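**Q** Could you put the whole structure together from the sequences, leaning on the hints where they help?
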Amino acid sequence: MKKYTYTEKKDTRSGFGAGLLEAGKRNDQVVALCADLIGSLKMNDFIKEFPERFFQIGIAEANMMGIAAGLTIGGKIPFTGTFANFSTGRVYDQIRQSIAYSGKNVKICASHAGLTLGEDGATHQILEDIGLMKMLPGMTVINPCDYNQTKAATIAIAEYEGPVYLRFGRPVVPIFTPADQQFEIGKAWLINEGTDVSIFATGHLVWEAIIAGEKLAEQGINAEIINIHTIKPLDNAAVLASVAKTGCVVTAEEHNRLGGLGDSIAQLLAVNNPSPQEYVAVNDSFGESGTPEELMKKYGLDSDHIVSAAIRAIARKMPVLKDLIEG
Amino acid sequence: MKKDIQELEKIASQVRRDIVRMVHGCQSGHPGGSLGCTDFLVALYFGIMKHDPDFKMDGIGEDLFFLSNGHISPVFYSVLAHSGYFDKSEMATFRKLGSRLQGHPTTHEHLPGVRIASGSLGQGLSVAIGAALAKKLNHDNSLVFTLHGDGELQEGQIWEAAMFAPHNRVDNLIATIDVNGQQIDGPTSAVLSLGDLRAKWEAFGWDVIDMPGNDMAGIINTLEEAKRRSGNGKPIAILMHTNMGHGVDFMMGSHKWHGVAPNDAQLKLALAQLEETLGDY
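As given, the protein sequences belong to chains R and P, one line each in that order. Just so you know, the first sequence maps onto residues 0 to 326 in numbering that gives the first Met the number 0. Just so you know, the second sequence maps onto residues 0 to 280 in numbering that gives the first Met the number 0.
FYI, nobody ran anything at the bench for these hints, they're computed from the structure. None of the values given here were measured: they were computed from a predicted structure. Where a beta carbon is used, it is the ideal one built from N, C-alpha and C, also for glycine. Some hints could be false.
[Stated by the list, open to error] The calculated DSSO-like cross-link candidates involving lysine-lysine, where the alpha carbons are at most 27 Å apart (straight line), are:
#1 P:Lys87 x P:Lys55
#2 P:Lys135 x R:Lys47
#3 R:Lys24 x P:Lys135
#4 R:Lys231 x R:Lys133
#5 R:Lys9 x R:Lys297
#6 P:Lys49 x P:Lys87
[Stated by the list, open to error] Listing some non-contacts, in silico: residues in chain R with all C-beta distances to chain P over 10 Å:
#7 Thr4
#8 Lys24
#9 Gly88
#10 Tyr159
**A** Structure, rendered in structure tokens:
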């Protein structure tokens with residue numbers, strides 16, 4: 000089992016800010032828009048370097064999505080920045096008609112996703128955004144796991160033609176992926192090989208899955224851990240290959256269990272290889288105020304919950320296997 | 000390329016025939032607003048805009064038009080076809096399965112001349128602002144035109160966009176509002192009053208011009224005036240006063256023909272009032 004360590008923690012939104020600056024340097028068609036949350040989205044460095052390529056929209060997210068769509072017509076590559084809640088639910092029809100259906104090359108960049116926004120509470124903690132965005136035909140949905148991967152993803156989506164939803168967060172989390180990584184959209188990232196259970200995690204839950212893998216190893220369970228940074232298009236081949244080997248699944252995400260990564264994997268497996276699956280996700284509820292750590296614990300999104308889900312998943316496959324082998 | 004008033008009126012007559020024939024052909028669609036805005040769109044595409052029927056999405060160096068009230072797609076399609084973006088015969092496929100002429104305009108089927116999907120109201124002004132900002136970044140001096148329904152102004156996004164454009168000196172933008180006073184459920188004054196539209200747009204910082212919407216010479220003169228006023232720091236709003244259903248007497252001035260197709264007898268009556276000038280599709 001590969002041991003993951005870290006020397007530094009940073010917020011994934013800062014990875015976005017660094018990636019946006021780099022994308023802007025590489026391609027002068029990259030422009031940025033923000034709805035009155037420059038500091039929260041870490042867009043200051045881009046604005047300082049390219050003031051003429053930045054548009055302050057004000058608190059008007061619907062207008063921001065439309066303007067972004069219009070900018071693509073003149074060949075620009077717009078990156079919109081606001082909280083995940085205001086990047087999706089608030090502007091769903093604008094994204095649907097002016098961006099997705101119109102096939103516009105807009106990068107919808109969403110910070111403060113999920114519970115880890117913390118004290119602001121449920122009005123701002125969207126847990127439905129992955130579902131909303133993945134249902135739009137042609138939309139790519141990406142939820143990277145740490146600072147380095149968010150930076151790499153931001154650079155990569157500038158080079159990809161088509162609408163993208165890039166989801167990241169507020170809290171500092173361990174940096175454990177390489178600074179020089181090439182981000183490949185749609186390619187699952189193997190964290191650790193294993194044979195007993197496949198743990199598919201996305202975003203902040205990837206680090207929790209790594210910790211869970213260590214705890215499971217102490218109990219003699221060999222978990223395969225895969226980082227699904229791209230929820231759509233899903234790396235079907237990687238998921239099916241892993242589950243063919245392990246026979247059971249845990250999915251882990253900072254999202255409602257309805258409509259998220261878990262459902263994408265369940266749908267794939269239901270058609271191709273029905274397998275016991277346990278969800279580590281928010282159980283169809285809103286969040287609340289609290290510290291990120293408190294909330295992740297209360298809503299069942301930490302490494303301990305992944306461990307118990309893995310044990311449940313393994314238990315569910317064992318009787319079936321035993322019957323088949325012994326029967 | 001640019002045509003005189005008489006020629007423009009001839010085109011408008013043919014476009015009106017196309018509208019009622021298209022809507023009759025599939026027994027659905029929106030004839031009222033289409034007929035009311037025919038003179039404007041004909042003036043724009045055949046008398047005002049610099050545009051190339053060899054369609055390129057980026058439209059660099061060309062004037063662009065965005066139809067925000069996408070339900071008046073019949074007039075848009077007819078004007079695009081007569082401009083040479085696609086063959087006139089394709090109008091026969093309007094709203095039919097497999098057509099590029101969808102009920103509301105879309106880029107999804109790659110119909111030349113369309114740069115954004117519209118139909119869900121209130122979104123086109125924001126898109127046009129984005130396109131206008133891109134023109135400025137590209138040092139492209141051409142203009143961006145839009146058309147909106149007056150009922151559409153009830154959508155909040157319009158006013159987000161209305162606030163943004165003057166603050167950011169988007170002065171390469173000429174937005175026209177079809178003030179016909181009608182919407183699906185009745186007169187705008189009864190459904191949700193729009194109030195003093197000139198005062199509203201001026202208060203937001205726009206340069207506002209009134210325009211007769213069914214008088215070709217008046218439209219051309221006003222649009223030329225709007226072009227002259229562009230580039231002076233303010234976006235331009237044109238309040239275009241039209242008759243819904245203009246050109247077909249029994250459809251005129253009523254919301255009843257907002258989204259209703261004529262039957263065979265009504266089609267015959269309508270076509271009798273509209274000269275076939277360029278040949279029916």
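**Q** Each hint should be assessed against the structure and marked as holding or not.
**A** Here's how the hints hold up against the structure:
1. P:Lys87 x P:Lys55: Measuring from Cα to Cα gives roughly 19 Å; hence the hint holds.
2. P:Lys135 x R:Lys47: Between lysine 135 (chain P) and lysine 47 (chain R) the Cα gap is close to 20 Å, so the pair holds against 27 Å.
3. R:Lys24 x P:Lys135: Given pair lysine 24 (chain R), lysine 135 (chain P) holds - Cα atoms ~20 Å apart, limit 27 Å.
4. R:Lys231 x R:Lys133: Given pair lysine 231 (chain R), lysine 133 (chain R) holds - Cα atoms ~6 Å apart, limit 27 Å.
5. R:Lys9 x R:Lys297: The hint holds at about 23 Å.
6. P:Lys49 x P:Lys87: holds, 21 Å
7. Thr4: holds, 45 Å
8. Lys24: Lysine 24 (chain R) is indeed farther than 10 Å from all Cβ atoms of chain P, at 17 Å.
9. Gly88: Glycine 88 (chain R) is indeed farther than 10 Å from all Cβ atoms of chain P, at 15 Å.
10. Tyr159: Its Cβ never comes within 10 Å of chain P, the nearest being 18 Å, so this holds.
Hint compliance for this structure: every hint is met.
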